[in-house]
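> Each chain, written out:
There are 2 protein chains.
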Amino acid sequence: MEETINIALSIYKDYQKQNLANKFVNFLIGWDSQTEAPNDCFEARGRQIEVLSTATYKLNTSPELVKAVQTLYENRTSLNEITAHEIVVVKKNIDKIIKVPMEEFVELSTLLASSQNIWAKAKVENNFELFKPTLKRIIELLKLYLSHLETPKLKGYNILLDEYEPGFTTKEYDEFFDTLKKELVPFVKKVATKALQYNHSFTNFKYPKDDQKKFAKKIMDTLCFNHNKGLMKESEHPFTTGFGTSDVRFTVHYHEDNLASAIFSAIHELGHATYEMQVDPALDVTLSGGGASLAMHESQSRFYENIIGRSPAFWKSLFPKLKEIFPKQFKSINLNDFLKHINEVKCSLIRTEADELTYPLHIMVRYDIEKALFNNEITVDELPVIWNKLMKEYLGVEVPNNKEGILQDIHWAGAAFGYFPTYALGSAYAAQIYHSMKKDLNIKEILKSSSTKEINEWLKEKIHCYGAAKYPQEILKLATKEKFKPQYYVTYLIKKYSKIYDIKW
Amino acid sequence: MEETINIALSIYKDYQKQNLANKFVNFLIGWDSQTEAPNDCFEARGRQIEVLSTATYKLNTSPELVKAVQTLYENRTSLNEITAHEIVVVKKNIDKIIKVPMEEFVELSTLLASSQNIWAKAKVENNFELFKPTLKRIIELLKLYLSHLETPKLKGYNILLDEYEPGFTTKEYDEFFDTLKKELVPFVKKVATKALQYNHSFTNFKYPKDDQKKFAKKIMDTLCFNHNKGLMKESEHPFTTGFGTSDVRFTVHYHEDNLASAIFSAIHELGHATYEMQVDPALDVTLSGGGASLAMHESQSRFYENIIGRSPAFWKSLFPKLKEIFPKQFKSINLNDFLKHINEVKCSLIRTEADELTYPLHIMVRYDIEKALFNNEITVDELPVIWNKLMKEYLGVEVPNNKEGILQDIHWAGAAFGYFPTYALGSAYAAQIYHSMKKDLNIKEILKSSSTKEINEWLKEKIHCYGAAKYPQEILKLATKEKFKPQYYVTYLIKKYSKIYDIKW
Numbered sequence: 000m001e002e003t004i005n006i007a008l009s010i011y012k013d014y015q016k017q018n019l020a021n022k023f024v025n026f027l028i029g030w031d032s033q034t035e036a037p038n039d040c041f042e043a044r045g046r047q048i049e050v051l052s053t054a055t056y057k058l059n060t061s062p063e064l065v066k067a068v069q070t071l072y073e074n075r076t077s078l079n080e081i082t083a084h085e086i087v088v089v090k091k092n093i094d095k096i097i098k099v100p101m102e103e104f105v106e107l108s109t110l111l112a113s114s115q116n117i118w119a120k121a122k123v124e125n126n127f128e129l130f131k132p133t134l135k136r137i138i139e140l141l142k143l144y145l146s147h148l149e150t151p152k153l154k155g156y157n158i159l160l161d162e163y164e165p166g167f168t169t170k171e172y173d174e175f176f177d178t179l180k181k182e183l184v185p186f187v188k189k190v191a192t193k194a195l196q197y198n199h200s201f202t203n204f205k206y207p208k209d210d211q212k213k214f215a216k217k218i219m220d221t222l223c224f225n226h227n228k229g230l231m232k233e234s235e236h237p238f239t240t241g242f243g244t245s246d247v248r249f250t251v252h253y254h255e256d257n258l259a260s261a262i263f264s265a266i267h268e269l270g271h272a273t274y275e276m277q278v279d280p281a282l283d284v285t286l287s288g289g290g291a292s293l294a295m296h297e298s299q300s301r302f303y304e305n306i307i308g309r310s311p312a313f314w315k316s317l318f319p320k321l322k323e324i325f326p327k328q329f330k331s332i333n334l335n336d337f338l339k340h341i342n343e344v345k346c347s348l349i350r351t352e353a354d355e356l357t358y359p360l361h362i363m364v365r366y367d368i369e370k371a372l373f374n375n376e377i378t379v380d381e382l383p384v385i386w387n388k389l390m391k392e393y394l395g396v397e398v399p400n401n402k403e404g405i406l407q408d409i410h411w412a413g414a415a416f417g418y419f420p421t422y423a424l425g426s427a428y429a430a431q432i433y434h435s436m437k438k439d440l441n442i443k444e445i446l447k448s449s450s451t452k453e454i455n456e457w458l459k460e461k462i463h464c465y466g467a468a469k470y471p472q473e474i475l476k477l478a479t480k481e482k483f484k485p486q487y488y489v490t491y492l493i494k495k496y497s498k499i500y501d502i503k504w
Numbered sequence: 000m001e002e003t004i005n006i007a008l009s010i011y012k013d014y015q016k017q018n019l020a021n022k023f024v025n026f027l028i029g030w031d032s033q034t035e036a037p038n039d040c041f042e043a044r045g046r047q048i049e050v051l052s053t054a055t056y057k058l059n060t061s062p063e064l065v066k067a068v069q070t071l072y073e074n075r076t077s078l079n080e081i082t083a084h085e086i087v088v089v090k091k092n093i094d095k096i097i098k099v100p101m102e103e104f105v106e107l108s109t110l111l112a113s114s115q116n117i118w119a120k121a122k123v124e125n126n127f128e129l130f131k132p133t134l135k136r137i138i139e140l141l142k143l144y145l146s147h148l149e150t151p152k153l154k155g156y157n158i159l160l161d162e163y164e165p166g167f168t169t170k171e172y173d174e175f176f177d178t179l180k181k182e183l184v185p186f187v188k189k190v191a192t193k194a195l196q197y198n199h200s201f202t203n204f205k206y207p208k209d210d211q212k213k214f215a216k217k218i219m220d221t222l223c224f225n226h227n228k229g230l231m232k233e234s235e236h237p238f239t240t241g242f243g244t245s246d247v248r249f250t251v252h253y254h255e256d257n258l259a260s261a262i263f264s265a266i267h268e269l270g271h272a273t274y275e276m277q278v279d280p281a282l283d284v285t286l287s288g289g290g291a292s293l294a295m296h297e298s299q300s301r302f303y304e305n306i307i308g309r310s311p312a313f314w315k316s317l318f319p320k321l322k323e324i325f326p327k328q329f330k331s332i333n334l335n336d337f338l339k340h341i342n343e344v345k346c347s348l349i350r351t352e353a354d355e356l357t358y359p360l361h362i363m364v365r366y367d368i369e370k371a372l373f374n375n376e377i378t379v380d381e382l383p384v385i386w387n388k389l390m391k392e393y394l395g396v397e398v399p400n401n402k403e404g405i406l407q408d409i410h411w412a413g414a415a416f417g418y419f420p421t422y423a424l425g426s427a428y429a430a431q432i433y434h435s436m437k438k439d440l441n442i443k444e445i446l447k448s449s450s451t452k453e454i455n456e457w458l459k460e461k462i463h464c465y466g467a468a469k470y471p472q473e474i475l476k477l478a479t480k481e482k483f484k485p486q487y488y489v490t491y492l493i494k495k496y497s498k499i500y501d502i503k504w
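Chains as they are written, first to last, in numbering that gives the first Met the number 0: chain A, 0 to 504; chain B, 0 to 504.
Mixed in with the good hints, there may be bad ones.
No copy is singled out in the list; a pair is fine if it fits within one copy or between any two copies.
Capping the alpha-carbon separation at 30 Å, the derived lysine-lysine pairs in DSS-like fashion look like this [as the list claims (entries may be wrong)]:
| id | residue 1 | residue 2 |
| --- | --- | --- |
| 1 | Lys447 | Lys142 |
| 2 | Lys120 | Lys16 |
| 3 | Lys16 | Lys135 |
| 4 | Lys217 | Lys120 |
| 5 | Lys345 | Lys16 |
| 6 | Lys208 | Lys193 |
| 7 | Lys120 | Lys22 |
| 8 | Lys327 | Lys391 |
| 9 | Lys320 | Lys452 |
Hints in this document: simulated from the structure, not taken from any laboratory.
Computed from a prediction, not measured in an experiment: that's the story for all the values here.
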């Protein structure tokens, strides 16, 4: 028996290596495509991706591997803890791929090589029709994909939700969003009736890109980014990617008429990047590197962006540096003006620019649409109309055009349906983690030193180090000594914003 | 029989696709490694490259492919012209790989994933010892590689030379360099006794990088670079790379105290890029895309850099634009001053900064060293001393340190021995091509329009369109109606520089 396990393990080790090399190649292609590849290269690039994804499919479905994984799965109690967990995850993944015909797998991968580019063009040109055929085909292929995977326990959209956050389906998300609707929406309505008084003249100025870049570097220093293990670049839509702990990259997008945008997307992406960099490097040679799940990843980015990054303590040392780089723009502005600005609640159009409080409402719009799409209750043609209707309903705003409406996000162009809900869930994880961290650390005191070092260390020990070697719910429980409770999120938001808006609640 | 050929063709078509996907991946890895990858990622990257190069080795040596290529080779008269040529080239390549043990192939590929990084560090630190162990291992592995490939006709260094320029071995190169030694070296000695009189105050100024970048963009426009099919970036050592005709990239390096450096490396790399972009796009799905050979490629870069880029006609329209961007630096400078500066002959240390006339002498230093290394006449330990001795002999200069001596070039760190001679040969091809072009085009007249469009077109039709679908010597003969004659090069140089230096020769 031991001999059989050893043979299976050796087959699996080889698969790990090949799989890592594939991931590395995909990382590079994605990074290049989204940051600098020239417009006309995508047709040829699509041909190469077709070949590469065929190879990936074959790698993941080889009968030899399937058999080895089955053997290891059955004998997982004799494996070390990390490998045992990995085998469970890999088996679940392989069991799925094997049910999907290779042609469909390859068609989707190939389509995705150009779809984000088509979306980008459609967005710039404010032309939903341009993107519609691609989006339709993506959804058709996803539905076809789901049709192969249905089990009595897991069907349709739930399969996608579970892929992005293991254990979370419409049942759990409906519960979560219902809590938010019940407890948060009335509060948001109350906040919306009040206005913050402060000197906002600085928002009328232009902020040259090079100066913004200088300040972004100061933020990198504050969050202790290691330049030997990663880099910052520009792209249309900010994102973080990487390969292992020694190559972590993120992007920002500078808007000359909106200083806060790049600042908070930098802090956000640095949250993701810090997570990736602080995984135990020993996991770099396994398939258990990277974050535990999307929601856990988002919990880290939103923790740094909102809980840390919009706090008075964080800006106490950084605000003078901001004034130094932009003396003209901030001439008569004080720290309080700036803090009010970055914590101002406004029912607005763009998710990525939304404030912390209304953010989950943007997610609800997308969650409702995705559910309805995969339940065949609505069609792609109807999307702009439905989008605009839901934005009116949840946020009370009129959507003036598709560029600022249905076309604003890149995700659907990447077939990432079921992804958005993890953003709201991540914010809720973050609030629960924050509650726990406060018991161990004096966060205000730490931030006086212009460095998040001790906070990074705490997160490394409690969350980051595990990588994907445990399920997110396990890690959350280890870190906070409780299972997930959305109430922490609601309490955090109401406490923070009733203070800022001077509301009794 | 036809059936057998069809089966072989179908196997070959599949190989083409896989091979192109590999080339694509290698292109991306190389580009990323040389332009932005973070310092600490190379160890992990090496592991992935090991896996990828193992796959490449297996792809190129699969018994099924070897058999199919053999069948197609025997029946090549029944194939179309392009495939027939490609099969001859591919067979030569496969026949070689198959003789090399996989472990050696993979070890070299893996070593090369980090060696250029080690070299870069050694160069910055002026520390040859740091690079020596890597260089030693590269040469050992190359010698081992050559030991597998020796035939009665082709041995040692000649195998490498023939890889970089088919049909060229020490016999041909010795002849070529002997011509240069005999006819050029006495002329250079004469030139070295004279000095050019001009106002060179502009060389004492600083040239901010952003302004240099602006001017580099003007040069791209002049050479009609298509921004939808490529891009320009920065790197330590300027280079051109790409994948097919729709993704062509080059880099420059800006030196704030040397304006001419980035200008001429931009024109040089744009020559390479123009070649890649103008290959028949139909060849993008074959293995016959890209340039015909390294010397042919270099003929194009040097044609644009020296013959076009240092000519009075080229600068007539560009010089005012240069003055516009650098008004302070060029205040009292006229076109003639600038032309003298960019055509000034100086026996100097750095190959990439060398003038057109002394450039081939730098190549001779490297050629002599490579020949001696692979004939086991010298060792790696002796390299700095021998380098310095040869520089004194050919160029009359004292080398003050290894950074500006033996460590100056990236090539050997990439195992590219046998590559340098193609640089000199390319210059000679360029002179012969120029001689031919002048019969068809009025180059001075064309350059009045601030665009090389008609020159690009001529080269496209005569040289670029063929890609690698013909041998370089065939293309040269088609384009110039003669076989290669080094005399055109000697004549061109002596005519040009005796005029500039007012020498009767």
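> Which hint numbers doesn't this structure obey?
1, 5, 6, 8
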